[in-house]
Amino acid sequence: MYLTPSPELVNLTPSSELANLTPSPELANVARTASEHLFALLKPYTPKSPFDRLLADDKFDAEQIWQQIDIQSQPLMSAIRCQVNKFEKDPKELKSIFKKAVNLSKRNEGLLGLSIHRTQAAFTELPASLDSSSSIFLRFAEIFGYKLMAKPKHGNKRGFIRPRTSEIAKKTMNKRARRNRSKADTVLDRPSSPSDSATSSEEHSNVASESEQEEVAVYKEPTMYDNLLKTLGSASESIADAYKRRQRAEEGKNDSDEDEENDLESVSGSEEDEDVSENGSESGDLDPDDLQGASLAAMEEHSDDEDEDEDDEASDIDGEEEMTVNGHSIAKESESSSSFSDHLGYKLSKEDVENLSTNKGKYKWGVDAANCKWVATREYLEDSYMNSPYGLNMKLYDHWLDNYKSSGGHDLHSSRQRSFFSLCNSYRDILHHNKKPFYLKGREEDSSIMDAYLLHSLNHIFRTRDLVTKNDKTLAKHKESKDQEVLNSENFLDHGFTRPKVLILLPMASIAFRVINRLIQLTPEGHKVNVDHIGRFSGEFGSGQSDVQEDEDGIWKKSKPLDFQALFGGKNDDDFMIGIKFTKKTIKLYSDFYTSDLIVASPLGLIRKIEDAEAEKEKDVDYLSSIEVLIIDHADVLTMQNWSHVNTVVEQLNHIPSKQHGTDIMRIRPWYLDGQARFYRQTIVLGSYLNPDINVLFNHHCLNYEGRVKLLHEHKGVLPKVLLQVRQIYERIDTESIIDADDARFDYFKNKVFPKIKDSVQGGIMLFISSYFEFVRVRNFLKSQDASMCLLGEYTQKKDISRSRVWFFKEKKKMMLYTERAHFYYRYKIRGIQNLIIYSLPERKEFYPEIVNMLEGSHSMNCTVLFSRFDLLRLERIVGTGPAKRMVKSDKRIFTFC
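For the sequence shown, the numbering used here assigns the number 220 to the initial residue and increments by one for each residue that follows.
Treat the hints as calculated values from the structure; they're not laboratory data. Nothing false has been slipped in among the hints.
Okay, the calculated beta carbon distance ranges per label pair:
#1 K569 / P911: 30 to 36 Å
#2 A834 / A588: 45 to 51 Å
#3 R737 / H632: 19 to 25 Å
#4 S576 / V972: 42 to 48 Å
#5 S638 / N710: 29 to 35 Å
#6 C591 / I884: 42 to 48 Å
#7 S638 / V1025: 51 to 57 Å
#8 S1109 / A588: 28 to 34 Å
Cβ atoms here follow ideal geometry from the backbone N, Cα and C, with glycine treated the same way.
Full structure from sequences and hints, please.
Written out as structure tokens, the structure is:
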């Protein structure tokens, strides 16, 4: 198998010139051997490399081999750039390093040296069309061939620094080049370690002329890279010119002032799109005169360093455009008075922390809304941003407005999504438990609320990035007082422990597919020119039917309700996790969690990561340490899975991480370091109903200092949806404590209900049970009584389910135990029911009329329901809020509905 050109090289080479390329088995073998030794040289500096050796046999092509080396080398980039900066300032140390490198190369002549010489010979035979491709090879050889000789040390900044120009060049530098020069010098003057300072102080005590002589002597020594560059120059004029310019730069000489000025103008022109980045001209600019700019950009296109530069550039561009939209005052006011800055900039007192820790907040204030009421623990719910752009980033607002109008909307200000966005933008904890989901004919309402929280998430991410970029630029302008400003000014404390700031918990991959697609649609066009891995995402999350089942004659049986078809029509996987990163023009799906801005996951997916971190010390979930916005959507579906997973995930948030993860600790917000991050985290819980588990999570784990907001709603009940003339008898179980409620219910069934069943000759008795634990308890009791029964639970095998349904219908078994979760996941229509006993009311109100209507064909048409006063939340959803309150407080214990 021959070595084939990688996509990076193909993208850089005109298609008309690719015809000159022919496969060469000799070159392929030489390149594979050289790659293996290059990989071996890097191995000592990458102890955590995912590869033990380079996989370079015939089964792997050039792209795969290159990716292995690239993955191994990525963690070293920051350290190498730091060392390059250090060597640039300390020629004496650089000379000693080069001497060691030369001696080492003489001792290690063997196969590596032979491979490089053979590679030189092979490259001389290539056509001139490989100029840009060769520059990538030269770049790689230069970085890892002779600059990786000292033990790497991690620095605070990342990026290559442009070499200093001569005095003549400085006189001819244009304004753009001067600005880039100031940025590069800012990074050069960053603080160094104590050992570096000691070395530096000794070197600065030497005479300047001696240092210059030593520097000249260093660059006169020929290196392996120089020999390779010289050899390749015979096959390419551009490389030959690059070699000459390199020699002139090393010797400090110029052919003419005009040539130097033209070179500088060329450099400045190539940086038009980079001058606003955080690191200035750092990224990919080790030796710009040697290599072509396009080649460098392609080589580092997927590196994290360039991603950060892209982030900064995009943020700066956004900031500049905001200043010119509708006048300069809008951007300034939005920057200074945004709820984002007000929320994160607030300082908690000791008294505040104590009150929040003891959770003393009570719902005292309220605002009426349509058919409901919002109540809050902090005073006076008021829309703080009544006018456009409603606290949004301007680009985000314009794109939102265009989307709203294109979808047929007319009045954004009065819309549901604008109202809910403003509530989200208040940074309070929110519990909305009456959201009509998309699968229950509530697509418009569900989409409006989803748009609101996605816009809020994007706004939070963009404002975080803009703040960091602004502070980076300010620090770059004050290079001499940089350390002092960071230490003394709180304006530059803008970091968390890690990058991810938003976490969205969803129950199913199909719902995640719907949410992420909408997130991409709501992202402004300039930030989504490319969406990485969109094909993989569609395949893994979008397989199956769409989230809306419009064709009733599709592959789903007509007997299944439409809401079941809509919810389970896509991929039902509940174990997933995906990171999303926003750069200048790209949305990167499947990004590493530590470099992601937003994480979308299922509770089970995160639980597996947490368990792996507990089992293996090398792994961790520190990317959850800086979550500032937590969104739990479709909480009602999550309760049908395992709600304890949700509690575990929330408890894992905002812990102090076990590792530093490359964070600049000088810029971490103080409330992160004080362990108060949970008091600043906003939690938004959305679902179609409320139960005690959701209430406990919201009241005990949502401690936002801004306060909590939740919805109060009057339910009408679902009794009118019972189509049959069924006599529904509600029997109340009196108990004093919620702890004793389960025991009281079981005792009532054992002593009052079961004796009637046992003595009855009639079969077709179905016991509907909401909780699986209650299901197990009743099952064990009936077994002890040798009762004739069959089981249909969520863990029952399919073959046993079919057998149980047949036995029950033919009255071979007298009783059937049926759980709510089994009905949720299968929605069976049970035939042969003569007497229905609802041991515990269903959480989902739509299930009640479905179960009761299964009595069709029954002779007795009887339904018995057991409840206690602790079932009020379920009861009011079924019979209505008013009747439920009367039934709980009444002196009577038995109530009948017909």
